[in-house]
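Asks: Each of the two chains sits in its own frame; use the hints to bring them together as a complex.
Residue strings, one per chain:
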Amino acid sequence: MKCTMCGAAPSACEGCPIGTNFFVSQSLSALGPGQRATVRRLAAGSPTDLRKLLALGLLPGVELEVERRWPAMVLRLDCATVALDAALAGAVLVALAA
Amino acid sequence: MDTAIRSEAHETSTGVMRLVLVGAPNVGKSALFGRLTGIYAVVSNYPGTSVEITRGRFTSGGHDVEVLDTPGMYGFLAVSEEERVARRAILAGGRRTIVHVVEAAHLERSLPLTLQLISLGAPVVVACNLLDEARRQGRAPDLALLADRLGVPVVGTVATTGEGVGELLDAALAAPAPSDGWSLPEPFRSPALRLAGSEDAEAEGEARLLAELALSGDEAAAGDLGADAARWSEVAAERDRRWAGADGYAVAVATARRRMALALLDGVVPDVDPEANRGARALDRLALSPWTGLPIVAVVLYVGFYKFVGGFGAQTAVDWLDHVVFARWIAPVAAAVTAVIPWQPLRDLVNGPYGLVNLGLRYAFAIVLPIVTAFFLVFALLEDSGYLPRLALLLDRALKKVGLSGRAVIPLVLGFGCNTMATLVTRTLETRRERVIATLLLALAIPCSAQLGVVLGILSAWPGAVVVWGLVLVLVFLAVGRLAALFLPGAPPSFYLELPPLRSPKPANVLRKTGARVRWYFAEILPLFLVASVLLWAGELTGALRWATGALAPLVRLIGLPPEAAPAFLYGFFRRDFGAAGLYDLAHRGLLSPAALTTAAVTITLFVPCIAQFLVMKKERGLRVAVGVLVVATTIAFVVGGLVGWLLRSVGGWA
Chain A
1 MKCTMCGAAP SACEGCPIGT NFFVSQSLSA LGPGQRATVR RLAAGSPTDL RKLLALGLLP
61 GVELEVERRW PAMVLRLDCA TVALDAALAG AVLVALAA
Chain B
1 MDTAIRSEAH ETSTGVMRLV LVGAPNVGKS ALFGRLTGIY AVVSNYPGTS VEITRGRFTS
61 GGHDVEVLDT PGMYGFLAVS EEERVARRAI LAGGRRTIVH VVEAAHLERS LPLTLQLISL
121 GAPVVVACNL LDEARRQGRA PDLALLADRL GVPVVGTVAT TGEGVGELLD AALAAPAPSD
181 GWSLPEPFRS PALRLAGSED AEAEGEARLL AELALSGDEA AAGDLGADAA RWSEVAAERD
241 RRWAGADGYA VAVATARRRM ALALLDGVVP DVDPEANRGA RALDRLALSP WTGLPIVAVV
301 LYVGFYKFVG GFGAQTAVDW LDHVVFARWI APVAAAVTAV IPWQPLRDLV NGPYGLVNLG
361 LRYAFAIVLP IVTAFFLVFA LLEDSGYLPR LALLLDRALK KVGLSGRAVI PLVLGFGCNT
421 MATLVTRTLE TRRERVIATL LLALAIPCSA QLGVVLGILS AWPGAVVVWG LVLVLVFLAV
481 GRLAALFLPG APPSFYLELP PLRSPKPANV LRKTGARVRW YFAEILPLFL VASVLLWAGE
541 LTGALRWATG ALAPLVRLIG LPPEAAPAFL YGFFRRDFGA AGLYDLAHRG LLSPAALTTA
601 AVTITLFVPC IAQFLVMKKE RGLRVAVGVL VVATTIAFVV GGLVGWLLRS VGGWA
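In order, the protein sequences belong to chains A and B.
If you read the first sequence in the numbering used here, its first letter stands for residue 1, the second for the next number, and so on.
If you read the second sequence in the numbering used here, its first letter stands for residue 1, the second for the next number, and so on.
These are computed hints drawn from the structure, not numbers from a lab.
Please note that the accuracy of each hint is not assured.
[Unchecked claim] Cβ-Cβ distance ranges computed for the label pairs, FRET-style:
| id | chain 1 | residue 1 | chain 2 | residue 2 | range |
| --- | --- | --- | --- | --- | --- |
| 1 | B | Ser504 | A | Ala30 | 34 to 40 Å |
| 2 | B | Arg84 | A | Ala87 | 21 to 27 Å |
| 3 | A | Ala87 | B | Ala327 | 54 to 60 Å |
| 4 | A | Leu96 | B | Thr292 | 33 to 39 Å |
| 5 | B | Gly279 | A | Ala87 | 56 to 62 Å |
| 6 | B | Ser179 | A | Ala30 | 44 to 50 Å |
| 7 | B | His323 | A | Ala87 | 52 to 58 Å |
| 8 | A | Arg41 | B | Pro463 | 25 to 31 Å |
| 9 | A | Ala97 | B | Pro187 | 26 to 32 Å |
| 10 | B | Arg135 | A | Arg41 | 36 to 42 Å |
| 11 | A | Arg41 | B | Phe477 | 37 to 43 Å |
[Stated by the list, open to error] From the derived model, a few chain B residues whose C-beta atoms are all more than 10 Å from chain A:
| id | residue |
| --- | --- |
| 12 | Ser60 |
| 13 | Leu497 |
| 14 | Val531 |
| 15 | His588 |
For each residue, glycine too, the CB sits at the ideal point set by N, CA and C.
Excised from the complex, chain B in its bound form (with noise of 0.2 Å):
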């Protein structure tokens, strides 16, 4: 995520060797992307989270190497949005070689792709990654006997360790352009070969490519083509004959490929007993039965949300980081430098209550840095199991209800961590309307870990205050989201999802893909921070935020909070959890009852998404649905607030 392209690939200079990566979901693309550069792209044992290209450069051997990461695809049909983007990044032509990642354990899985790549006539090299796994199962393969029968160089890889990645990085540089184009079989090769324009075998790969799938039905690559009329409707005539139209003709040729494909695998590939790995597929089965796995779910979200991140990382960690070394070490630094400083209001500034180093700094580090990488840890330990599928699948009903499918749950988790990183994520949502729903959800029901933290901090005193906050939220979530999947136009959702095997994650993977999300929160969460100090200084030197406040107190009264509760809605705007910090302060000056204070932490939940999530809605749905997203998320907040304030003071013992 953090050196993302879109199409701008055609820029390589001369002299750059370009290496792109291709490859099914999971197979250990970003992985072997971070041993080649040195970067390391987040990777996850769960399809679909690496949502863009990631790039990266190095030099090799008197080189300089250019290689591409590209998101998951199975084939050139594309279903995803990312697999159009990792479509574009191959067909965008140039001097490259193109790297097939495959699992070494599931070559019939891939080789038919392999098959497609070869015939796009550009240097092919097939990485056979997760050979440990293979070798462990018995199933590695014979990679002399494969590299020879498809032609191109064939290196086994264990990305993780290391292993034979500098051999394929040798072949991948040294490779040349295969000389059996594994091009499509009669007959349904005379079509394609007619629409691309040629009759001639020697017709550009990619356009051969390009004509194929047009044929299959895809009008992307129709468009890409661009065949006269004429010439298509002739062409889709004898297609519609003899395979029923085009998705006859697609699962024919795919059907063919696989043939080829086994055909060139048989003597590869050792037979293995189908009983092995029994004890993997028994473990699956626990995880995968609602009777068992639900049970799972809840000591998972037991032991690694509530103990780890609300206990260590929200408790322990922020109290040291808080308390030690801001107050002891940081706070006296600050106080003997700012002192030198002639003018007050530059004081402020640096050190004020809503200071650079106070509210900036202070937040940055001491209490959202240890929340939220507690929060990564967990989720990376979650995804490099391979546990998330399960957990989409487990939930993929419950969520058809708000319109949502399994899928979505990587973004919703996501969101406890960081919901301006999950609104980015929910761009692997298949259709529009999920994507728009879960962005919804997001900003509205889904409190991000820093919220969180502070929170539960507030509402500790009041075990009852924390189950009406949390009861609401999931009511919340579900009626808003049962609204949106009824009156959203659009398909409903379907569900499918390749479910890799479990793995024990691997503590370096596990770290470092911590590592990459916490240093991308950082980057792009830090300057908002010292922004936000700025502007709040600002808006105090110049009345300005005294204006706001006395414009926001009537609301907040109507919910039934004193209106000292109103620059705390002021500062989530800002920062959601500078919101809830704000409810903190409020809290321990004993100026909020328990029904305010439930009431308080229910709309500054509900409320607005701080500025960052508001700019990634922006730039991922438009302008439109972002403001469409924050007056209903704005109008909920305080209809939902006012309702449970109004309804707890009902209530003997919570006014």
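So here's chain A without its partners, still in its complex pose (with noise of 0.2 Å):
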């Protein structure tokens, strides 16, 4: 698998020259209140906790921005607000917007 943005591979990725950092996503768990991210990956347990995020609309190029993280993450997307847990939420990989 290669970067769609630059074609490096992902061992090239740290110090992306273009800025993107395809491949160093963290997890949507670890952000706090104000960060803005991109979705990149669902790495959900089950195919239920799959089926809630993409009920919640959360698919890989999903633009967001994280509203507030206690007592539950809320998630500002474009065409809604959502509220999920941090186990749910620590399913969710995105890259931070640069």
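Replies: If you want it as structure tokens, here you go:
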């Protein structure tokens, strides 16, 4: 698999020349209020969890802003505001917006 | 909830046009249904209050029209039982027009489902609802352009005012089958077609959809499709090679559909300033932050429930109805009418202390009606404003401790109105484990409004008793919930919820919702009140009542109450509030000390649910769970009651 932006392999992604950091993703649950990110991958532990994420509209390519992370995560998406607990948020891998 | 059907979706006779309303939770399907049919389903600004399919019929321009309102769904890959119910209704086949109700301001969210619905091949009409909200936010879409691109009619509607509803009906009745299928794009399509049993693009839309869902890991869809094992394993192997399994396929398909939808919407939806709606966002922050949110909860509970339901509903309104309407106007009439009845037992049946008038009608209309109406009114206000999902979020962590998620807030709060209705609504919870825990806690530790009204009335002379009673209920709730969470098998709950925008409640909406719930309550409860009066009358007449009371007396004495309290427990099974009301009489006759009264109030609140609730538990959870809950609740009621009585008697001033 190669980066769709610059064609680099995952190992070359740290220090990305064009700043997209395609492979450098982190768990959504690590983000704090005010941080913006783009969903890269869904790593749900079960098909049911995956469906919940799909129902919330969390798909690769979707941009989000973290509104708060306590008592549960609240995300502003383009088309909705959604809430999810830390366990589910942990299954969403995101790349921080530059 | 009033016209519930399950899967009788096949019986449309010829000549009847069937419209199936489909859409995400909280986009106004039920309000639109109400506008179309005149029947008002209980709709709310909370995902998941329509738990069954509601059906309405009317005639328009010579057509017999039948409208089905389905529970909210985000997509065909079902997570919850309601989504499965909705899916079955859509895929039931037959001649029908699908009305996809979408939120005009957030088309991106719904359009992927629109494309899937169109691909089924049945006529589809898109209702862009909440158009007023979209206009206010400057996000009103270009409906004509959207209709042109989709190839199906698109109508803008405001269900709460009726705008566009007539036009929607006309469009739905005339809608042709779509010409462009919007079927799956390649490379996802050919494996689905192969699984559906045809290489041919004309394959039945439904089979194609089932194949897609089956490949996405939906076992129910795979079962419905019934593809043969060889073909299934061949196609699944190809899927696993290309997309690394069902989950990968599901995500890739959803992503592709989202791209199609975004491309379609280019130029349809105006760009908006993200800083618009700042006021609403600031308010939302206040409601969501525990620092400000929990004080807001306290104020809402105090003003809404304590002051309005407890004060106005349970005292002012009850006093007037009971002491003025019943005592002055109805009682003399009833007495005059019964005076002509020649047989004493029959006179008792009509107008005796447990008679139809005094026990059945008076309780239903003078005592329960005002409390329940006040409660449902406050509940409808909270629902319509979109506050309940915020409450769910705030309480999620606390509820996780008792094995529930924030979603359980809705049945639990509703339980303070009517436990029976709340038990029905537990079916919106995700896992069976959560449903069982919620059912148990409702039966045990959540007093319904009728009970609350009477118990608070009895205890009002001793504020200390109210505090002890409340504290014991909270402790029992937490302890039993915690134990259930530890010992019941199953995965721990997870929390995910869309937060609809905060909206100012629409008075017409709130009133109709309250009316619908009160009607439901009475249809369910009034017959039980009357049956209970007849049973108590018959029990009195035959001596069965005395025998049963005698049997209960030792148990009652065991927790430190006088034997005169036994009938209160017996009535408690017919209606929880009958029991509480029995205590009320005892307290008035001065037979109970504060300690005994508190003990009795605690025991009767924890004691078995009323007959209606038991029947709903049996229907929803099965006989085993229902009997289990009954046994557990009764045991806990007497054990905790006994302990409280013992503790209080040893404290000075209570005995």
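Asks: Looking back at the numbered hints, which does the structure fail to meet, lowest number first?
Replies: 4, 5, 8 and 13
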